[in-house]
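Peer 1: Residue strings, one per chain:
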Amino acid sequence: MNNRLRVLRAERGWSQGDLAERLEVSRQSVNAIETGRYDPSLPLAFRIAELFDLTIEGVFVSPSRKDIA
Amino acid sequence: MQRRNPAQRRYLLRFMPLMVSYALILIAVSGAQRHGDLAGATLGMMSVLPAIPLIGVMIVMGLYLREERDEFVRNRLVMAMLGGTGILLSATTVWGFLENNGVVGHPPTFLAFPFWCGAMGISQCAMALRDRMAGSAE
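Going line by line, the protein sequences match chains A and B. Letter 36 of the first sequence, counting from 1, is numbered 36 in the working numbering, and no numbers are missing. Numbers given in the working numbering equal positions in the second sequence, counted from 1, plus 1000.
Because the hints were derived from the structure by calculation, they are not lab data. Virtual Cβ for every residue (Gly too), placed ideally from N, Cα, C. Any given hint might turn out to be false.
Stated by the list, open to error - So, partial list: chain A residues that the calculated Cβ filter (under 8 Å) puts toward chain B:
| id | residue |
| --- | --- |
| 1 | 2 |
| 2 | 22 |
| 3 | 28 |
| 4 | 29 |
| 5 | 32 |
| 6 | 38 |
| 7 | 42 |
One chain only, chain B, in its complex shape (with noise of 0.2 Å):
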């Protein structure tokens, strides 16, 4: 196993507390919602709270890609987003048209994150399975 680089650290300091507020967030605002009566600007706010963290680990992608020096490494995560991004746009357009017709119901739309995450992700084990067939060996 690879030691981690110095970026790829930061990265991990950085994203893990985002991830534990967020889970933290969304057992507090649950909580809230089920006990409380919450209306107009306070529901509001306590809505947009679970959002918050999840930016944060967007913007926290984005200084990882930033400060990565490794080169091929950063050029595999922006393939990787590409493919990512790409997959959602499609699922989200095939997705559409069935809506449209009546066909699917409305997804929850805060799924896009994961779902793009998941996304990134297959297309990292797709380019290690292509390098993997290409033969890598030392």
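The shape of chain A in the complex, shown without the other chains (with noise of 0.2 Å):
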């Protein structure tokens, strides 16, 4: 799934790992993340749009308005 994470991130100046210990997960889960590897269950999603102060929307883009945009 797209994401916005290396944006946030960077705009922070976060590194992966930095991202990973705010959200309690491994570097590889951040990495997988950020690359579209791997989808977040929804908990995790939630946790890291909260991180951001965004909704998840604001972080992931939805796979079905993709096509649309």
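Using the supplied hints, reconstruct the complex from the two chains, each of which is provided in its own coordinate frame.
Peer 2: Rendered as structure tokens:
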């Protein structure tokens, strides 16, 4: 699933390791989500969005809307 | 190198004593078989003993899967286990037909679990390679 994680992380000057620590997941998890190789569960997606003070749609691009945009 | 999370540390703490006890039991049972004339129920019990720590390892793997809180790591492990199961079932199916036609002999079935672990490792390597080829740089 496409997302803005890399941009949001870069805006805050966080490395993947920093973000992983804040989310209490492994760095490889952050990498897999960021590169779209793994779609997080809803609870993890909420945790990510809340960390950036955004809605889930503010972080992740809906697969159904991707084609419309 | 990434630090191990609590679930991974617990897994290792449970896994290591089981493997040590497996090695000790195997040595003791082999020694007893060489020196003594075991028979009947004693022989049966001695034969089953080495399987106990290996069954323990399977339980420990299950516990780790349940306790791992990182969903991506858990997902990867499940996929590797599925891959390992697929490889094991494919290999034993082919072997079974070969054996049925007398091309090969009967394999020692206690090797199924070590083979499955090896096949799981191959699956993990294949996934890591796929990730690397897909480009997972920070």
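Peer 1: Does the nearest C-beta of chain B fall within a distance shorter than 8 Å of the C-beta of residue 42/A?
Peer 2: violated (11 Å)
Peer 1: So, as I understand it, the hint says residue 2/A touches chain B; can you test that by seeing if any CB pair is closer than 8 Å?
Peer 2: Status violated, d = 15 Å.
Peer 1: Let's test the interface hint: is any C-beta of chain B closer than 8 Å to that of residue 29/A?
Peer 2: Hint on residue 29/A: holds, closest Cβ of chain B at ~4 Å, below 8 Å.
Peer 1: Taking the least C-beta to C-beta distance, is residue 28/A closer than 8 Å to chain B?
Peer 2: At 7 Å from the nearest chain B Cβ, residue 28/A passes the 8 Å test, so the hint holds.
Peer 1: Going by Cβ atoms only, is residue 22/A closer than 8 Å to chain B?
Peer 2: Check failed: Cβ of residue 22/A comes no nearer than 14 Å to chain B, outside 8 Å.
Peer 1: Return the status of the interface hint for residue 38/A: holds when the least beta-carbon distance to chain B is below 8 Å, violated otherwise.
Peer 2: holds (5 Å)
Peer 1: Residue 32/A was flagged as interface toward chain B. Is the shortest Cβ-Cβ separation under 8 Å?
Peer 2: Nearest chain B Cβ about 5 Å off; hint holds.
Violation of the numbered hints given earlier is confined to hints 1, 2 and 7; the remaining hints are satisfied by the structure.
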